[in-house]
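Student: Build the full structure now, drawing on both the sequences and the hints.
Residue 124 in this note's numbering sits at position 120 of the sequence shown; the count goes up by one each step and never skips.
What the hints contain is simulated information worked out from the structure, not anything from laboratory work.
We treat Cβ as the ideally placed atom computed from N, Cα and C, and that holds for glycine.
Be aware that one or more of the hints could be misleading.
[To be verified] The following label-pair restraints were derived from C-beta to C-beta distances:
(1) 13 - 40: 35 to 45 Å
(2) 43 - 19: 33 to 43 Å
(3) 8 - 108: 15 to 25 Å
(4) 8 - 46: 32 to 42 Å
(5) 7 - 41: 26 to 36 Å
(6) 44 - 108: 33 to 43 Å
(7) 108 - 50: 32 to 42 Å
(8) 73 - 47: 16 to 26 Å
(9) 7 - 32: 12 to 22 Å
(10) 45 - 11: 14 to 24 Å
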Amino acid sequence: MPINRQRYADNWSDIALSVKEAALWRCRHCGKQCLRPGEKPSNLTRSEWTMATLSVHHANFMPEDNRLSNLIPLCTPCHIAVHGGRNGNVSPGQLSLFSYIYDENGVLKIIPNIHLFSLTSS
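Tutor: As structure tokens, then:
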């Protein structure tokens, strides 16, 4: 199912940017340090760069609800996992980029199927 941009606020880009900045560009679920706008390390492939992109997820799956308590900064793998687990708009190709396992405590672990170099802030 494609994203319906009409459901998002006109200033969604500004809202999302403020959430990402407040999170210091880290995924709230896995803690991955993500890339900031304009940051594209030359040692990363397009897939690796995509996996290090931070998105803002609506916890209740309602893009109209922009309360800060509903907005969660997530890296691409974690965001895909959230939507994939809900029969969202995630393709089988996107899901195949990652392995999903539960640890002994029942916590979902998302593992990229390709090697991702560690990122450092500049």
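Student: I want to verify a distance hint. Is the separation of the beta carbons of residue 43 and residue 19 within 33 to 43 Å?
Tutor: violated, 21 Å
Student: Given the hint of 35 to 45 Å, is the C-beta distance from residue 13 to residue 40 inside that range or not?
Tutor: Once the Cβ atoms are compared, 22 Å apart, the range 35 to 45 Å for residue 40 and residue 13 is violated.
Student: Could you see if the CB distance from residue 108 to residue 50 stays within 32 to 42 Å?
Tutor: holds, 35 Å
Student: Can you tell me whether the CB distance of residue 7 to residue 41 sits inside 26 to 36 Å?
Tutor: With a Cβ separation near 20 Å, residue 7 and residue 41 fall outside 26 to 36 Å, so the hint is violated.
Student: Just tell me: holds or violated, for the beta carbon distance of residue 7 and residue 32 against 12 to 22 Å?
Tutor: holds, 21 Å
Student: Does the Cβ pair residue 45, residue 11 satisfy 14 to 24 Å?
Tutor: This hint is violated: roughly 33 Å between Cβ atoms.
Student: Are residue 8 and residue 46 spaced within 32 to 42 Å by their CB atoms?
Tutor: This hint holds: roughly 36 Å between Cβ atoms.
Student: Taking 16 to 26 Å as the hint, is the beta-carbon distance of residue 73 and residue 47 inside that range?
Tutor: violated, 37 Å
Student: Please test the hint of 15 to 25 Å on the beta carbon pair from residue 8 and residue 108.
Tutor: violated, 40 Å
Student: May I ask you to test the hint 33 to 43 Å on the CB atoms belonging to residue 44 and residue 108?
Tutor: holds, 37 Å
The structure is inconsistent with the numbered hints 1, 2, 3, 5, 8, 10, although it conforms to all the rest.
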